[in-house]
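Q: Taken in order, these protein sequences are the chains called A and B.
Here the first sequence stands for residues 1 to 356, numbered as in this note's numbering.
Here the second sequence stands for residues 1 to 356, numbered as in this note's numbering.
If you are wondering where the hints come from, they were derived from the structure by calculation, not from laboratory data.
Computed from a predicted model, the values in this text were never measured in an experiment.
Some hints could be false.
Because identical chains share one entry, a pair is satisfied inside a single copy or across any pair of copies.
DSBU-like mimics (lysine-lysine), calculated; alpha carbons at most 35 Å apart, straight line [said to hold, decoys possible]:
hint, residue 1, residue 2
1, Lys257, Lys171
2, Lys93, Lys235
3, Lys257, Lys20
4, Lys171, Lys235
5, Lys45, Lys349
6, Lys43, Lys349
7, Lys319, Lys141
Number of protein chains: 2
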Amino acid sequence: MANQTEIRFGILGCANIARKLSRAITLAPNATLAAVGSRSLEKAKAFASANNFPPNAKIYGSYEEVLDDEDVDAVYVPLPTGLHLRWAVHAAKKKKHILLEKPVSLNVAEFDAIVDACESNGVQIMDATMWMHHPRTAQMKDFLSDTDRFGHLKMMNTYFCYAGDEEFLKKDIRVKPELDGLGALGDAGWYCIRAILWAADYQLPNKVKALRGAVHNDKGVILSCGSSLHWEDGKVATFHCSFLSHLTMDITAIGTKGTFYLKDFVIPFDQKEANYFSNSQFWVNDISCWVPTPKNQVLDLPQEALMVKEFSRLVGEIKNGGSKPETKWPIISRKTQLVVDAVKASIDKGFETVEL
Amino acid sequence: MANQTEIRFGILGCANIARKLSRAITLAPNATLAAVGSRSLEKAKAFASANNFPPNAKIYGSYEEVLDDEDVDAVYVPLPTGLHLRWAVHAAKKKKHILLEKPVSLNVAEFDAIVDACESNGVQIMDATMWMHHPRTAQMKDFLSDTDRFGHLKMMNTYFCYAGDEEFLKKDIRVKPELDGLGALGDAGWYCIRAILWAADYQLPNKVKALRGAVHNDKGVILSCGSSLHWEDGKVATFHCSFLSHLTMDITAIGTKGTFYLKDFVIPFDQKEANYFSNSQFWVNDISCWVPTPKNQVLDLPQEALMVKEFSRLVGEIKNGGSKPETKWPIISRKTQLVVDAVKASIDKGFETVEL
Numbered sequence: 001m002a003n004q005t006e007i008r009f010g011i012l013g014c015a016n017i018a019r020k021l022s023r024a025i026t027l028a029p030n031a032t033l034a035a036v037g038s039r040s041l042e043k044a045k046a047f048a049s050a051n052n053f054p055p056n057a058k059i060y061g062s063y064e065e066v067l068d069d070e071d072v073d074a075v076y077v078p079l080p081t082g083l084h085l086r087w088a089v090h091a092a093k094k095k096k097h098i099l100l101e102k103p104v105s106l107n108v109a110e111f112d113a114i115v116d117a118c119e120s121n122g123v124q125i126m127d128a129t130m131w132m133h134h135p136r137t138a139q140m141k142d143f144l145s146d147t148d149r150f151g152h153l154k155m156m157n158t159y160f161c162y163a164g165d166e167e168f169l170k171k172d173i174r175v176k177p178e179l180d181g182l183g184a185l186g187d188a189g190w191y192c193i194r195a196i197l198w199a200a201d202y203q204l205p206n207k208v209k210a211l212r213g214a215v216h217n218d219k220g221v222i223l224s225c226g227s228s229l230h231w232e233d234g235k236v237a238t239f240h241c242s243f244l245s246h247l248t249m250d251i252t253a254i255g256t257k258g259t260f261y262l263k264d265f266v267i268p269f270d271q272k273e274a275n276y277f278s279n280s281q282f283w284v285n286d287i288s289c290w291v292p293t294p295k296n297q298v299l300d301l302p303q304e305a306l307m308v309k310e311f312s313r314l315v316g317e318i319k320n321g322g323s324k325p326e327t328k329w330p331i332i333s334r335k336t337q338l339v340v341d342a343v344k345a346s347i348d349k350g351f352e353t354v355e356l
Numbered sequence: 001m002a003n004q005t006e007i008r009f010g011i012l013g014c015a016n017i018a019r020k021l022s023r024a025i026t027l028a029p030n031a032t033l034a035a036v037g038s039r040s041l042e043k044a045k046a047f048a049s050a051n052n053f054p055p056n057a058k059i060y061g062s063y064e065e066v067l068d069d070e071d072v073d074a075v076y077v078p079l080p081t082g083l084h085l086r087w088a089v090h091a092a093k094k095k096k097h098i099l100l101e102k103p104v105s106l107n108v109a110e111f112d113a114i115v116d117a118c119e120s121n122g123v124q125i126m127d128a129t130m131w132m133h134h135p136r137t138a139q140m141k142d143f144l145s146d147t148d149r150f151g152h153l154k155m156m157n158t159y160f161c162y163a164g165d166e167e168f169l170k171k172d173i174r175v176k177p178e179l180d181g182l183g184a185l186g187d188a189g190w191y192c193i194r195a196i197l198w199a200a201d202y203q204l205p206n207k208v209k210a211l212r213g214a215v216h217n218d219k220g221v222i223l224s225c226g227s228s229l230h231w232e233d234g235k236v237a238t239f240h241c242s243f244l245s246h247l248t249m250d251i252t253a254i255g256t257k258g259t260f261y262l263k264d265f266v267i268p269f270d271q272k273e274a275n276y277f278s279n280s281q282f283w284v285n286d287i288s289c290w291v292p293t294p295k296n297q298v299l300d301l302p303q304e305a306l307m308v309k310e311f312s313r314l315v316g317e318i319k320n321g322g323s324k325p326e327t328k329w330p331i332i333s334r335k336t337q338l339v340v341d342a343v344k345a346s347i348d349k350g351f352e353t354v355e356l
């Protein structure tokens, strides 16, 4: 039996990414795998056995049964984006806390409905953007906030690309309009936009203009696109996301006094330790080079387990301590979705500027 | 007396950058400093003495006299961009070969007039984009051309920014409309655009669209701007150049099978050896990181001296071997200027798309 401080997770569906999260739930000290549901009981059984579910975990042939299980505190929802609205709202009504895969929804109206349901039912919602929970992220933010070392953010570029193979480009749920209509923008672009908002202290840009050259598949799903984002104070950011280019996970942020660089922002190259590169008040004649921070952050847990731990901590405080849900996370999710929507709108309008 | 194989350089003006080029001419085995001219004879004297001109070098109180000197084979022209047309055409008519600072002119029509004058008079012209002549550049191009390691170029971003101090932003020739009307676009943007064209095999984009947020000073000179460039085949490139942000000299190029990264493309951090970073057919689970090439290119000469050496080699072949001027260099300069002009036009038209 799970101990009282462990948050008991049910998993909706057997998506690939759910394997990584099952491991993360196993690793997090305050979380445990309690149930998995799939439309196929056989698939659920195979998933539980392949992912080290404890013997007492429940195996269900439907998502519904997971939500009805009183021994489940929280659900992880890795379903295709097109199903998020239905199942997240349903989960909230069943008083399940929700760890929701990104993109959180097909558009911000859907996400608002999900958040309303969570608020009405007093449940925590957090999106599953793992890198937010890596300790490196807080250290990097310290650098970007340092007016001596970095100054003020002027320009930023982010990339998240990977080259889907033929099978992926034909069959993956992320290229099917009825399942994940946002394609590469929702999947990879989500990270790029989140990184930009993170660096901009979550201040929304006032103008968004997609870059010409977005690529769609024959069903109209975005396979590759980019955008520029513009703020009132003159800050500019660009990003590019793609299923058609070599794996690249890149942040460059340029301030008035420093430059910040990261090559593995979505998934650190090394699960145990990670660093970043920076340069401050550097001038050509220094004959120097970019300075890596020491790799001194030896992690006991990978970032996805730290995410589960933080989510479970919040849920535990609600469940056992009578706290209210933390609103920071859905606010960040909503802003990210707003920019995703604006980029999509700009592409759909022939790369016109969209005001936010 | 200069030996016969040495190309005898005259320098027009005492610009800051001319100190670096004087040293480069001294270092290059096939070039020698023969003359310097300034509107002030005193300044020319001081310049010659501070920059190790040989005792027999001529010191003139005008540019005209340098062009009239029969012992001068070639001139280096670091004058403000607004004076290039006049003095480069004049130099060509005086049969002087021309190493011309970038941006080569205020617009492509001016540059065409310069090239016409050079062609009519059989003189070599080359722009002074130093990094083109670093041996690393050819090695990097090999990587970008490798269909196994890099695949095909899909997306690219370049930055060249530096933070001008108060003095620079008030008084430098690069912020004065009557001297260098292109500002940061002509100065720093030139490098960004050249790097993009270089990676794209000098194929011109068919559409150019400046990014909103260009910053001008009170005289209308660009202090900071960026643009996206678009090709028929779907390739997209972005760049950002600025006098208002921390020193950053950055190329990221993403292909279908590899990613290329360089942090010091304009001026290598180390004058003696340089490398680049790349990654090929890399996948997340590799738990690897970007691979630097070995720093195995120990240079006898810095890139600016290699540039002088190559220019002097071409001039020597014309002077002593009866060769024709190499047309590759003015073609590359012209394409760079064409894109500079298109970005400027896009900014001036309120960030409209400009067709090339």
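Q: Within a copy, between copies, both or neither: which one fits Lys171 and Lys235 at a CA-CA cutoff of 35 Å?
A: Between copies, since 25 Å is at most 35 Å while 39 Å is not.
Q: At 35 Å max between alpha carbons, let me know whether Lys257 reaches Lys20 within a copy, between copies, both or neither.
A: between (39 Å within a copy, 26 Å between copies)
Q: At most 35 Å between C-alpha atoms: does Lys93 with Lys235 qualify within a copy, between copies, both, or neither?
A: Neither. Shortest intra-copy (41 Å) and inter-copy (47 Å) distances fail the 35 Å Cα cut-off.
Q: For Lys43 vs Lys349, is the C-alpha pair at or below 35 Å within one copy, between two copies, both, or neither?
A: neither (42 Å within a copy, 58 Å between copies)
Q: Quick one: Lys319 to Lys141, C-alpha cut-off 35 Å, is that within a copy, between copies, both, or neither?
A: within (31 Å within a copy, 59 Å between copies)
Q: With 35 Å as the alpha-carbon cut-off, assign the pair Lys257 and Lys171 to within, between, both or neither.
A: between (46 Å within a copy, 21 Å between copies)
Q: Are the CA atoms of Lys45 and Lys349 at most 35 Å apart within a copy, between copies, both, or neither?
A: neither (46 Å within a copy, 62 Å between copies)
Checked against the numbered hints given earlier, the structure breaks hints 2, 5, 6 and satisfies all the rest.
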